[in-house]
Each structure stands twice: as C-alpha cells, then as structure tokens.
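Student: Sequence:
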Amino acid sequence: MEVTLLGTGDTTGTPTVGCDCDTCERARDPDAELREQLRERGVDPSDGVERSRFSVHLRNDETGEALLIDASPDFRTQFRREDVALPDAAVITHVHFDHLDGLGNAYRLLDHLPVHAADETDSQTGESVAETVRDQYDYLDTVSVHPKSPYEPFSVAGFEVTLVPVEHPPLVCYGLRVEEPATGAVLSISGDTCYEIPDRSREVLTGADLALVEGIVHPGACEFHPKGGAHHDAEGVPRTFGTKHMTLPGARDFADDVAADDYRILHTAHYVPPERAFADDIAVDGERFSL
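Counted from 1, the sequence shown has number 235 at position 235 by the working numbering; the numbering is strictly sequential.
Keep in mind the hints are simulated off the structure, nothing from the lab. Any given hint might turn out to be false.
[Unchecked claim] Pairwise CB distance ranges, derived in the manner of DEER restraints: (1) G207 / E33: 31 to 37 Å; (2) D135 / D261: 36 to 42 Å; (3) P169 / L109: 30 to 36 Å; (4) L109 / A234: 46 to 52 Å; (5) E40 / R81: 15 to 21 Å; (6) P181 / D83: 25 to 31 Å.
None of the values given here were measured: they were computed from a predicted structure. Where a beta carbon is used, it is the ideal one built from N, C-alpha and C, also for glycine.
Full structure from sequences and hints, please.
Tutor: In structure tokens, the structure reads:
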C-alpha cells in the first residue's frame with residue numbers, strides 16, 4: 001500500500017490562522033536547515049510547512065483502489081496539493097469536525113462514497129459514529145453509511161480493516177489496523193487518544209510496518225491544561241495531555257509499546273516550540289510511505 005499523509009495537524013492546524021507564534025512563523029517561512037530536512041523526507045518546502053487537519057490516503061497497489069481515513073475540512077486543498085486519487089471508500093474514526101466535516105466534498109465529486117464507521121452507541125451523543133454520519137450527511141445521495149463492529153475485521157477497497165476502541169473522552173473514538181492481504185503490509189493508526197487504551201486494542205495495533213500515532217503537544221504544555229497531565233512514565237513525564245490526547249513522549253512510548261517497524265507522530269499542535277515541532281518523527285503534510 002501507498003500511504004499519503006494528507007493532514008497531520010490538530011483542530012486548528014499549523015500554521016494556525018492569525019497566529020504569529022514562533023512555530024507558526026517558522027512553518028510559514030522555513031529556514032535553510034528545515035528546508036533541507038523536509039526535502040530529505042520527500043516534502044516540497046517551497047510553500048512552507050503545512051499541518052492541515054487530519055486525514056490519511058491509502059492506495060491499494062493490488063487493486064488500484066483508494067481508501068480515505070477521516071474526511072478533513074481541508075479535503076479540497078489536500079487532494080489538489082497531493083494529486084492523489086479520489087477515494088473509493090472512507091472510514092470515519094469519530095465525529096469531531098476536524099475528522100468529519102470534509103465529507104461534504106463528496107457532492108458533485110464522487111458518484112458514490114461508502115463510509116464505514118463504528119456501530120457502538122456513544123453515551124454522550126446517544127448514537128453511534130455511523131448514525132451521526134448518516135444523520136449529518138443524509139442530504140448527500142452519494143454517501144452511504146456502513147456500520148461496523150469494533151474488533152471485527154471488514155473488507156474495503158481491497159484492505160482488511162479493524163476498528164479498535166481508544167480513549168478520547170467524552171466521545172467514543174477508534175484507532176485502526178489496515179492490512180493489505182496480498183502482501184501482508186500493515187498500517188496502524190492510534191486515533192485521537194490518551195496513552196492508556198484497552199489492552200485488546202493495543203494487541204490489534206501491534207506489529208505494524210508503520211504506526212501513525214497521535215501526539216498533540218510537548219509535556220511542558222500539561223501545566224497549562226486544567227487537568228494537567230496523566231499516565232506519567234518512570235521519570236514523571238506525562239504521556240497524556242489532559243484526558244484525551246498523548247504528549248510527544250507518550251506517542252513515542254506508544255509506538256514502542258506496539259512494536260512498529262516505523263512510526264510518525266501526527267495531530268500535532270502549533271504549541272510545540274519551534275526547535276521541537278519539526279523533529280524527523282513528527283509528521284508533516286505530504287509525507288508518503290510505501291509498505
């Protein structure tokens with residue numbers, strides 16, 4: 001499979017609109033060192049560094065089909081910039097707008113888009129992710145919704161996909177294991193989550209060729225969160241920011257826990273200081289991987 005990171009930022013992206021912090025300024029105008037670093041990662045830095053809202057594009061080399069993981073509000077810009085095929089199907093991990101609101105782009109672009117999402121009822125919303133997608137996009141005849149049970153693999157776009165529950169309170173949220181059956185290539189995606197997720201979910205996510213792991217901020221930011229940090233390591237470093245996101249060290253520990261051959265951290269916010277925000281293991285838009 002070919003994996004293209006369409007969107008690697010959090011809910012406001014980097015650079016954030018109207019923000020002149022050092023990280024956003026460096027993203028808009030990378031210095032020579034960062035430009036060279038990006039070129040080595042296969043990313044064109046001519047228009048600066050972009051971390052738009054979360055989305056991942058998968059192309060199945062065996063079938064030629066394309067699968068979209070989450071529909072970013074930046075859908076149009078992402079697909080124009082990366083010149084990848086429009087999706088044959090999509091999977092939605094949860095109903096926060098930065099992962100869902102790009103579905104409206106199916107209008108007049110796609111003849112049909114099957115959307116797969118979890119069937120578990122969320123106590124917060126009173127409906128499942130699949131039901132929310134159906135309710136919000138019932139005006140789009142091109143979108144059909146297909147409820148799926150967590151931990152039960154299903155086939156879509158030539159891939160075998162498994163949804164796994166993670167911890168992103170107060171809403172239900174899911175990570176993913178995606179396998180290409182013919183080659184055995186495996187991608188795991190943590191989903192938006194804190195560090196502590198069910199053991200069964202960790203087991204499903206273990207052993208991937210590539211893990212995409214959520215890590216929103218550096219641990220020092222926890223002192224500014226009303227609930228601080230949680231799930232501290234042996235040195236007292238918080239691996240969870242508040243209650244529902246991993247810190248950068250938490251993401252790195254998680255990637256190690258699930259024994260991924262390689263990993264990238266994404267869903268990263270502009271609050272990370274500029275000298276740390278562009279480390280090689282923190283993803284930027286446009287990175288591609290062949291598994």
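Student: Can the suggested window of 30 to 36 Å be confirmed for the beta-carbon pair P169 and L109?
Tutor: Holds: the Cβ-Cβ distance is about 34 Å, inside 30 to 36 Å.
Student: Holds or violated: 36 to 42 Å for the Cβ distance of D135 and D261?
Tutor: 39 Å, holds
Student: May I ask you to test the hint 25 to 31 Å on the CB atoms belonging to P181 and D83?
Tutor: Cβ of P181 to Cβ of D83: about 27 Å, so the range 25 to 31 Å holds.
Student: Does 31 to 37 Å hold as the CB distance between G207 and E33, or does it fail?
Tutor: Holds, at about 35 Å.
Student: Is the distance from the Cβ of L109 to the Cβ of A234 consistent with 46 to 52 Å?
Tutor: Because 50 Å falls inside the window, the suggested range holds.
Student: Has the hinted range 15 to 21 Å been met by the Cβ atoms of E40 and R81?
Tutor: 19 Å, holds
Hint compliance for this structure: every hint is met.
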